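Turn these sequences into a full structure, and let the hints guide you.
These protein sequences, in sequence, are chains S and B. Read in order, the letters of the first sequence correspond to residues 1134 to 1244 in my numbering. Read in order, the letters of the second sequence correspond to residues 59 to 194 in my numbering.
In short, the hints are calculated from the structure, not lab data. What you are looking at is a predicted structure, and each value in this text was computed from that prediction instead of being measured. The reader is advised that the hints may include incorrect statements.
Said to hold, decoys possible - Which residues of chain B face chain S? A few of them, derived with a C-beta cut under 7 Å, are: (1) F70; (2) T71; (3) G74; (4) V98; (5) V99; (6) Y102; (7) G159; (8) A162; (9) G165; (10) N168.
Stated by the list, open to error - From the derived model, a few chain B residues whose C-beta atoms are all more than 10 Å from chain S: (11) L61; (12) G68; (13) G88; (14) V93; (15) G114; (16) P123; (17) G125; (18) T133; (19) G136; (20) P138; (21) D139; (22) K142; (23) F148; (24) E181; (25) K184; (26) G185.
Note that beta-carbon positions come from the ideal geometry of N, C-alpha and C, so glycine has one too.
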Amino acid sequence: MTVREIADKLNLKVFSGASGLDREVTGGYVSDLLSDVMGFAKDGSVWVTLQTHKNVMAIATLKELAAVIIVKGFEPEEDAKEVSEEEGIPILGSGEQTFELAGQIYNLLNR
Amino acid sequence: MRLDYDVAAGDFTRAGNASSAIKKTLKQIGVSPAVVKRVVVAVYEAEVNIVAHSYGGHITAEISPEGISVVLADTGPGIPDVQKAMQKGFSTASKEVREMGFGAGMGLPNIKENADDLKIETEVGKGTVLTIYIKF
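Here it is, written out as structure tokens:
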């Protein structure tokens, strides 16, 4: 499944990095602790978080994640969006809370 | 091959730049993706530690056909109790740094987990030198 399909099915807002919407999603990771993601997220995952700053994109880039999804209606900071554009790793947004959103993504990926 | 980077204290907007440059070089010279992933985790964590805890530092990466040795040297407070610092969950990071999602006490354990060899030389009041070695 691609980032675009997840964004469409779950009605996610695309904040930036639209050039990466066709990235293949192979899994997901949920954490707001950056070192947790750094140590344990797998490449190709979508990362669900409430963090909105630029370091999120540094990690997404280094770990070759498929996309970042920001929950609870939070919005990414400008410099985070810039990195997202440069690297072609989309930042998506949802008004949902982490639990509900992660459940929906899990269902999509395991259908 | 030798790569050099300065790391500024407290500048989180640039945290990860050295790790990213090292990653690109390793990929270019054809190091296996599994090894590159380990280098990235270890070096990023150590780079962030310089940003979060020191007064500034320097990263030197030496790449040979056998592996990569990365020396991360900073001037700073040093680590009073290395054993404690190595424990998962232990952190001395500030409230601001924690709010960004850093300072979970996972940095040094992540480095140890991904390095083939890790050496920590530290002196309280002077600074810390980490030497990370990862075989190709």
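Each hint tested on the structure:
1. F70: Hint holds; F70 of chain B Cβ to chain S Cβ min 6 Å, cut 7 Å.
2. T71: Where the cut-off is 7 Å and the nearest Cβ of chain S is about 6 Å from T71 of chain B, the hint holds.
3. G74: G74 of chain B check passes; min Cβ-Cβ to chain S is 4 Å, inside 7 Å.
4. V98: Since the shortest Cβ distance to chain S is 5 Å, the answer is holds.
5. V99: holds, 6 Å
6. Y102: holds, 6 Å
7. G159: For G159 of chain B, the interface hint holds, since the closest Cβ of chain S sits about 4 Å away, which is under 7 Å.
8. A162: With a minimum Cβ separation of about 4 Å from chain S (threshold 7 Å), the hint on A162 of chain B holds.
9. G165: Given a least distance of 5 Å, the restraint on G165 of chain B holds.
10. N168: holds, 4 Å
11. L61: holds, 16 Å
12. G68: Answer for G68 of chain B: holds, closest chain S Cβ roughly 13 Å.
13. G88: Holds, since 17 Å exceeds 10 Å.
14. V93: Since the minimum Cβ distance to chain S is about 14 Å, V93 of chain B lies beyond 10 Å and the statement holds.
15. G114: holds, 18 Å
16. P123: Nearest chain S Cβ is 24 Å from P123 of chain B, so the label holds.
17. G125: G125 of chain B is indeed farther than 10 Å from all Cβ atoms of chain S, at 20 Å.
18. T133: holds, 23 Å
19. G136: holds, 21 Å
20. P138: Its Cβ never comes within 10 Å of chain S, the nearest being 21 Å, so this holds.
21. D139: holds, 20 Å
22. K142: K142 of chain B is indeed farther than 10 Å from all Cβ atoms of chain S, at 17 Å.
23. F148: Nearest chain S Cβ is 12 Å from F148 of chain B, so the label holds.
24. E181: holds, 25 Å
25. K184: Given a closest Cβ separation of 25 Å, the condition holds.
26. G185: holds, 22 Å
The structure agrees with every numbered hint stated previously.
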